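2 protein chains.
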Amino acid sequence: MAKKNAFYAQSGGVTAVINASACGVIQTARKHKDKIGKVYAGRNGIIGALTEDLIDTSKETDAAIAALRSTPSGAFGSCRFKLKSLEANKREYERLIEVFKAHNIGYFFYNGGGDSADTCFKVSQLSESMGYPIQAIHVPKTVDNDLPITDCCPGFGSVAKYIAVSTLEASFDVRSMAKTSTRVFVIEVMGRHAGWIAAAGGLVADQGIPVVILFPEIEFDQKKFLAAVKKKVDASGYCTIVVSEGCHYPDGKFLAEQGTRDAFGHAQLGGAAPVVANMIKLAHGYKFHWAVADYLQRSARHIASKTDVKQAYELGKKAVELAIKGHNSVMPTVDRISDSPYKYKIGMAPLSKVANVEKFMPRDFISKDGYGITEKCRRYLAPLIQGEDYPRYEDGLPQYVTLKNVAVAKKLKAFEI
Amino acid sequence: MAKKNAFYAQSGGVTAVINASACGVIQTARKHKDKIGKVYAGRNGIIGALTEDLIDTSKETDAAIAALRSTPSGAFGSCRFKLKSLEANKREYERLIEVFKAHNIGYFFYNGGGDSADTCFKVSQLSESMGYPIQAIHVPKTVDNDLPITDCCPGFGSVAKYIAVSTLEASFDVRSMAKTSTRVFVIEVMGRHAGWIAAAGGLVADQGIPVVILFPEIEFDQKKFLAAVKKKVDASGYCTIVVSEGCHYPDGKFLAEQGTRDAFGHAQLGGAAPVVANMIKLAHGYKFHWAVADYLQRSARHIASKTDVKQAYELGKKAVELAIKGHNSVMPTVDRISDSPYKYKIGMAPLSKVANVEKFMPRDFISKDGYGITEKCRRYLAPLIQGEDYPRYEDGLPQYVTLKNVAVAKKLKAFEI
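Chains as they are written, first to last, in UniProt numbering: chain D, 1 to 417; chain R, 1 to 417.
It is worth saying that the hints were derived from the structure and are not from the lab.
Keep in mind it's a predicted model, so treat the numbers as computed, not measured.
Any given hint could be a false lead.
Below, simulated DSBU-like cross-link-like pairs (lysine-lysine); rule was C-alpha separation at most 30 Å, straight line [what the hints assert, rightly or not]: (1) R/K82 - D/K232; (2) D/K404 - R/K230; (3) R/K287 - D/K253; (4) D/K231 - R/K404; (5) D/K287 - R/K31; (6) D/K310 - D/K325; (7) R/K84 - D/K287; (8) R/K82 - D/K281; (9) R/K31 - R/K410; (10) D/K287 - R/K253; (11) R/K359 - D/K287; (12) D/K404 - R/K287; (13) R/K253 - R/K359; (14) D/K35 - D/K410; (15) D/K404 - R/K231; (16) R/K82 - R/K410; (17) D/K281 - R/K84; (18) D/K230 - D/K82; (19) R/K230 - D/K310; (20) D/K84 - R/K287; (21) R/K310 - D/K306; (22) R/K223 - R/K281; (23) R/K404 - R/K306; (24) D/K82 - R/K287; (25) D/K230 - R/K82; (26) R/K404 - D/K232; (27) D/K287 - R/K82; (28) D/K253 - R/K281; (29) D/K230 - R/K306; (30) D/K82 - R/K281; (31) R/K306 - D/K306; (32) R/K376 - R/K345; (33) D/K281 - D/K310; (34) D/K281 - R/K253; (35) D/K404 - D/K59; (36) R/K59 - D/K232.
With the sequences and hints as input, model every part of the structure.
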């Protein structure tokens with residue numbers, strides 16, 4: 001039997017470094033042409049597999065693949081699509097096998113977070129459950145940093161760096177303005193369930209910035225929060241607030257859900273930042289500014305963490321090496337050895353223990369009052385934002401690659417998802 | 001008579017490079033110790049002069065002053081405070097003279113935008129109107145890029161670079177997600193009256209990004225706008241919208257003023273971005289994400305334009321040189337010689353022609369449909385974002401300087417503003 005081809009796809013929210021993992025996968029596969037044939041990328045994640053919409057990455061030059069390392073976003077397109085269980089939707093699994101067979105695919109690399117690990121895990125069971133020999137390896141990725149076992153997740157370090165740098169810079173700004181103008185700056189960050197990204201804002205406290213963090217792990221107490229802000233402003237003349245999009249009241253209602261309606265009575269979707277800012281204005285009268293970083297934070301390849309880029313690449317590379325060694329249903333992990341100097345090795349975890357498990361901030365990473373980070377958290381975060389890995393610029397703009405993404409000729413009938 | 005001391009202050013909204021101008025002023029004054037005594041900085045702008053709250057910059061090391069070049073925000077504090085006319089508030093002018101006399105101040109360097117140029121102009125008239133010999137030189141600064149005569153304003157190039165880079169990165173992100181998730185990304189940028197910053201978002205069109213820009217100079221037409229967005233999404237699968245905070249309806253009402261009220265009936269201050277995003281969702285059903293960059297854009301020293309940093313420094317330096325040559329009531333300017341290769345020289349304009357004049361985007365910088373930039377605009381903007389000027393990092397964070405800001409001993413009675 002001829003050597004098998006590989007399938008690679010990107011899943012869920014993309015990051016500044018998911019393409020660095022793609023680069024690690026494809027470059028490593030190219031180095032092992034005796035073992036792995038072509039790497040076919042799914043256009044828009046697993047949907048590309050289901051619809052037989054495959055991209056032939058062998059049509060891309062080595063230079064283009066190398067440029068993925070410094071290009072944010074998902075070069076092959078991503079998707080938000082979770083495979084149902086085998087019992088609930090056998091048709092989809094049969095289709096996957098049909099596509100894999102048609103294109104001689106024996107390796108399945110899936111690059112994503114918790115939901116995607118579940119998809120990858122299900123695919124990894126196909127050998128056993130449906131008799132199709134496949135090796136499925138999950139490549140971790142999530143800005144939320146909420147995958148278990150691995151010490152951190154590629155994508156997170158760069159968002160953390162972006163938030164720490166941006167919070168520092170905006171805090172310098174508000175400090176300059178506080179005498180006659182803005183006294184409070186609110187920045188809203190991602191993290192619906194876990195406060196890892198918000199915690200990164202806490203790193204600026206080392207530089208003397210008065211900062212109050214609102215974590216999703218800590219139930220929002222308006223009175224206590226307003227008192228904490230006043231205390232900071234009284235002491236320093238200004239204050240920066242980092243609010244996680246997932247910050248919520250004890251009853252589970254998000255701060256962003258204020259039941260606001262526009263002039264026509266339509267419910268308005270707003271951010272948590274303006275809600276927090278207005279709340280402070282009403283209570284204390286402080287002039288405020290607020291920002292919602294949204295996609296800017298997770299796509300900010302221009303200020304990516306060098307550590308993060310390196311790990312993203314290494315995990316992609318390791319995934320291919322594990323496949324070549326015969327592994328299935330695993331995920332390469334970052335195993336921390338020491339904080340300072342920062343040392344780690346690339347390890348491995350079984351997917352059964354990764355899929356659908358969320359890792360929250362430990363309580364001892366959050367200060368007693370609930371509004372800051374502890375020294376333990378600082379020691380954890382600090383190495384993850386270390387180092388700069390600047391993209392190449394031309395005419396003032398980063399030169400990010402857009403691949404040709406040549407489609408592989410279809411061999412099968414169309415499939416409706 | 002002993003040589004005179006200089007007064008320097010920062011005014012209005014601060015920028016990523018206003019401290020580079022401060023660096024230019026102070027370093028150049030230090031090189032001309034035969035002509036200029038000490039440089040006293042006003043703590044919080046002109047308020048520092050009125051309240052005799054002066055900072056002795058001679059207490060700062062050469063290294064600290066050099067570090068200003070790569071530190072965002074206003075190192076001495078800024079203010080939003082405009083001197084009234086001499087007729088309306090003679091008391092303030094008398095106080096200024098009292099403070100200048102007490103501290104032997106003969107040079108007045110004011111670093112700000114249009115309102116500040118007005119303050120500087122009024123001070124420059126003191127020799128004539130009140131018999132106190134002073135040379136007042138304005139150092140231009142404004143992210144809004146709306147000062148007349150000068151080709152561009154320090155602070156603008158760096159914001160433009162930040163917005164162009166961020167728009168590019170977020171657009172790559174939404175392009176990755178568009179198949180099953182977000183199809184429209186909206187980024188709100190500064191610029192209440194002039195669309196210069198919004199225009200910078202248009203630079204990404206060169207890289208094939210479908211972008212729609214909402215300028216304050218173009219009255220908002222909802223139906224036409226929604227059609228423009230649909231056309232882009234139909235053609236490319238996604239679309240990025242750059243909306244200026246100053247975008248407004250024909251009756252002058254800002255998009256951000258939607259008359260929204262929270263559950264308690266309080267009027268809500270929101271951004272233009274969520275308004276635009278919700279509008280698109282209602283009309284076309286596209287999933288959206290939105291960001292409000294706010295202070296992040298103007299404080300983003302980490303991605304400052306090298307051209308901008310250089311010009312900010314040069315204009316500060318030139319201000320001192322003009323003072324030494326005996327000039328009063330002028331502002332050094334950037335005079336463009338050619339677009340490509342980009343060449344300019346530092347010129348000079350009379351403050352009487354600068355104060356209170358706003359420079360808007362010329363209509364021929366905006367495309368016919370009102371939603372993009374023209375080639376002429378692109379040629380204007382491109383050189384201003386050229387080059388990177390990275391700050392020094394340690395432990396993953398930029399090392400920005402915080403000065404000692406040692407106060408000069410007061411000699412006068414307190415003054416109530």
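Verification of the hints:
Restraint check for R/K82 and D/K232: satisfied, since their Cα atoms lie roughly 29 Å apart, inside the 30 Å limit. Simply put, D/K404 and R/K230 have alpha-carbon atoms about 25 Å apart, close enough for the 30 Å limit, and the pair holds. Between R/K287 and D/K253 the alpha-carbon distance is near 22 Å, which keeps this suggested pair within the 30 Å criterion. Taking the CA atoms of D/K231 and R/K404, the gap is near 24 Å; set against the 30 Å cutoff, the hint holds.
Our distance criterion of 30 Å between C-alpha atoms is broken by D/K287 and R/K31, whose separation comes to about 40 Å. For the suggested pair D/K310 and D/K325, the alpha carbons sit about 22 Å apart, so the restraint of at most 30 Å is met. Using a Cα cut-off of 30 Å, the hinted pair R/K84 and D/K287 holds, with the two alpha carbons roughly 23 Å apart. The straight-line distance between the Cα atoms of R/K82 and D/K281 is roughly 24 Å, inside the 30 Å bound, and the hint therefore holds.
A threshold of 30 Å between alpha carbons decides the hint, and for R/K31 with R/K410 the separation of about 27 Å falls inside it, so the pair holds. Using a Cα cut-off of 30 Å, the hinted pair D/K287 and R/K253 holds, with the two alpha carbons roughly 22 Å apart. Between R/K359 and D/K287, the direct Cα distance comes to roughly 28 Å. Compliance with the 30 Å bound is thereby established for this hinted pair. Restraint check: the Cα-Cα separation between D/K404 and R/K287 comes to about 26 Å, which is no more than 30 Å; the hinted pair holds.
Between the alpha carbons of R/K253 and R/K359 the distance comes to roughly 21 Å, so the proposed pair stays at or under 30 Å and holds. At roughly 24 Å between alpha-carbon atoms, D/K35 and D/K410 fall within 30 Å of each other, so this suggested pair holds. A C-alpha spacing of about 24 Å is found between D/K404 and R/K231, which places the hinted pair at or below 30 Å, so the restraint holds. For the suggested pair R/K82 and R/K410, the alpha carbons sit about 23 Å apart, so the restraint of at most 30 Å is met.
A distance of roughly 28 Å separates the Cα atoms of D/K281 and R/K84; the hinted pair therefore holds under the 30 Å criterion. For the suggested pair D/K230 and D/K82, the alpha carbons sit about 45 Å apart, so the restraint of at most 30 Å is broken. Taking the CA atoms of R/K230 and D/K310, the gap is near 39 Å; set against the 30 Å cutoff, the hint is violated. At roughly 23 Å between alpha-carbon atoms, D/K84 and R/K287 fall within 30 Å of each other, so this suggested pair holds.
For a cut-off of 30 Å, the pair hint linking R/K310 to D/K306 stands: about 27 Å separates their Cα positions. Between R/K223 and R/K281 the CA atoms are separated by roughly 14 Å; this keeps the pair inside 30 Å, and the hint holds. Restraint check for R/K404 and R/K306: satisfied, since their Cα atoms lie roughly 27 Å apart, inside the 30 Å limit. At most 30 Å may separate the alpha-carbon atoms for a hinted pair to count; D/K82 and R/K287 meet this at roughly 18 Å.
A C-alpha spacing of about 28 Å is found between D/K230 and R/K82, which places the hinted pair at or below 30 Å, so the restraint holds. Of the supplied pair hints, the one linking R/K404 and D/K232 holds, its CA atoms being roughly 21 Å apart against a limit of 30 Å. Between D/K287 and R/K82 the alpha-carbon distance is near 18 Å, which keeps this suggested pair within the 30 Å criterion. A hinted pair counts as satisfied when its Cα atoms are at most 30 Å apart, and D/K253 with R/K281 qualifies at roughly 23 Å.
In summary, the hint linking D/K230 to R/K306 is not supported, as the alpha carbons are separated by about 39 Å, beyond the 30 Å threshold. Among the hinted pairs, D/K82 with R/K281 is consistent with the structure: their alpha-carbon atoms are about 24 Å apart, no more than 30 Å. For the proposed pair R/K306 and D/K306, the alpha carbon gap of about 22 Å is at most 30 Å, so the pair holds. Between R/K376 and R/K345 the CA atoms are separated by roughly 21 Å; this keeps the pair inside 30 Å, and the hint holds.
Between D/K281 and D/K310 the CA atoms are separated by roughly 43 Å; this puts the pair beyond 30 Å, and the hint is violated. For the hint pairing D/K281 with R/K253, the CA-to-CA distance comes to about 23 Å; that is within 30 Å, so the pair holds. Between the alpha carbons of D/K404 and D/K59 the distance comes to roughly 8 Å, so the proposed pair stays at or under 30 Å and holds. For the hint linking R/K59 to D/K232, the alpha-carbon distance of about 28 Å falls within 30 Å, and the restraint holds.
Going through the hint list in order, the structure does not satisfy hints 5, 18, 19, 29 and 33.
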